[in-house]
Amino acid sequence: MSNQSSGEDKKKERFEAEALVHLDALSRTALRMTKNDGDADDLVQDTFMKAYRFWDKFEEGSNCRAWLFKIMTNIFINNYRAKTRQPQVVDLEDVDDDFLFGQLSALGPSENPESHFFAKVFDDDVKKAIDELPEDFRLVVVLSFLEGFSYQEIAEITGLQIGTVKSRLHRGRKLLQKQLWQYAVKNGFIKEPAQ
Amino acid sequence: MTCEEALKRLYEVIDKEASQIDTKEVEEHLRHCRSCMARYQFEDMFKTFVIEKAASVSKSEDLKAKILSKIQQAETDHGNHNHKNEPLFIKPFRFRMVYLAATAALIICVVAALAAAKLYRHRAFVVPFEKDHMAIHAMNVSDLDPQRHLEEVRRFVTNDMHLVMGTVAPEYVMTSCCFKEMQGKKFAHLRFAKGDSQISLFIGQAEDVKLPDFEPATCSKSGMAYFKKDCDDCRMIYWRLGNALVVVVSDDKSVDLTQFMPALASL
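Protein chains in written order, with my numbering: chain A, 1 to 195; chain B, 1 to 267.
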């Protein structure tokens, strides 16, 4: 019995050192995925409980952070998404690739419109704009931008093809830029040039 | 390099995903092209800007403590040989009459023994498939190439099991393909994905392997008999073809797994 419990202690120590260190990162992404603190906490807890149960399956030395994110993504898709799922009709054809860049350039070369824009937009606006992305795009944008995963890692975490990862990231960027532009105009940081 | 080619690689270069050669060529182009340079600088700034504004994390010490205590709780339950969903011993029983208590204890012993046996069989025979489906084997890139072992798997299926691989539900794409040892038997493990849903297909020559507590069922389309089970995390089905055992696992419980039954046929 004492052998068994020392084994369990060891397992727990290793889990704490290797898995729980990623708690902040998982919490951050969970919050962007679920869009509320309570669900985010639950999602993170479920993730770690499941990870602990499958801990002996995790190969030491492989990418623990990616493994945890994969578990979290699966739980999110199966348990959380269903209740918040909205129909995702996204018409992107009207957003140009260089929409924001074009808009800002059109403000004129006299001042530095990009820096002005970036300095004015609030942290919360950016978080809100991410939250408003349709979920498929949001997940990929968060994993790439906030968590710094490579395309390959995102493909493995989400189970998507790498080409799909790229195209969702591309479209996610476009939508995010458009959204932020609209906030800036609405809040009066930017005066939309007369068309 | 033309502007069009340079802009085509825009995000890959910014995300540091482009090859060295591509990156060099783009940099060379940007040295001479002011308008592409401006676009690149803008997109780079935009990414940095989003990261700075949205990456802040709140320190989650409370949450950590909560998780650790939940793990402790799970360990304690586990130590008492209780299954998560069958907390037989957690609540103390209080009975006024001794004989009632004795009877209850006897019943509990029997139920617990049955539950323990069931749990043991579940752990020994079902969990390995479930775990393999959940594990990330493929963090190294070569394993992710489904073509790499595909020929070998085909040979294994045809020569050793006298089966032929048919077509998998067409909207599913194979994402990995490898061999696994399960219960001392060689299994081919094929992984498929459709959007966010992933399934694993295990094929092995394992006529004597028994999977416990599966419910018998019949496929409405093909009329073939199979067995199904919903575990905590996964839905599984299996069926037999000749001396082969085919197991399908999905962690998305909304998927109809019988659609994978035509994936294999007898020769």
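Since the hints were derived computationally from the structure, they do not count as laboratory data.
Each residue gets a CB set at the ideal place from its N, CA and C atoms; glycine is no exception.
Incorrect hints may have been included.
Derived Cβ-Cβ restraints for the label pairs, each shown as a range [claimed, not checked]:
id, chain 1, residue 1, chain 2, residue 2, range
1, A, Ser62, B, His32, 16 to 22 Å
2, B, Arg148, A, Gly102, 39 to 45 Å
3, A, Phe99, B, Gln20, 26 to 32 Å
List of simulated lysine-lysine pairs, DSBU-like, C-alpha gap at most 30 Å [unchecked claim]:
id, chain 1, residue 1, chain 2, residue 2
4, B, Lys8, A, Lys11
5, A, Lys166, A, Lys35
6, B, Lys8, A, Lys178
7, A, Lys127, A, Lys11
These are the hints, each one checked on the structure:
1. A:Ser62 with B:His32: 16 to 22 Å: violated, 43 Å
2. B:Arg148 with A:Gly102: 39 to 45 Å: Holds, at about 44 Å.
3. A:Phe99 with B:Gln20: 26 to 32 Å: holds, 30 Å
4. B:Lys8 with A:Lys11: violated, 48 Å
5. A:Lys166 with A:Lys35: holds, 24 Å
6. B:Lys8 with A:Lys178: It holds: about 20 Å lies between the C-alpha atoms, which stays within 30 Å.
7. A:Lys127 with A:Lys11: With a Cα-Cα distance of about 36 Å, the restraint between Lys127 (chain A) and Lys11 (chain A) is violated, given a limit of 30 Å.
Going through the hint list in order, the structure does not satisfy hints 1, 4, 7.
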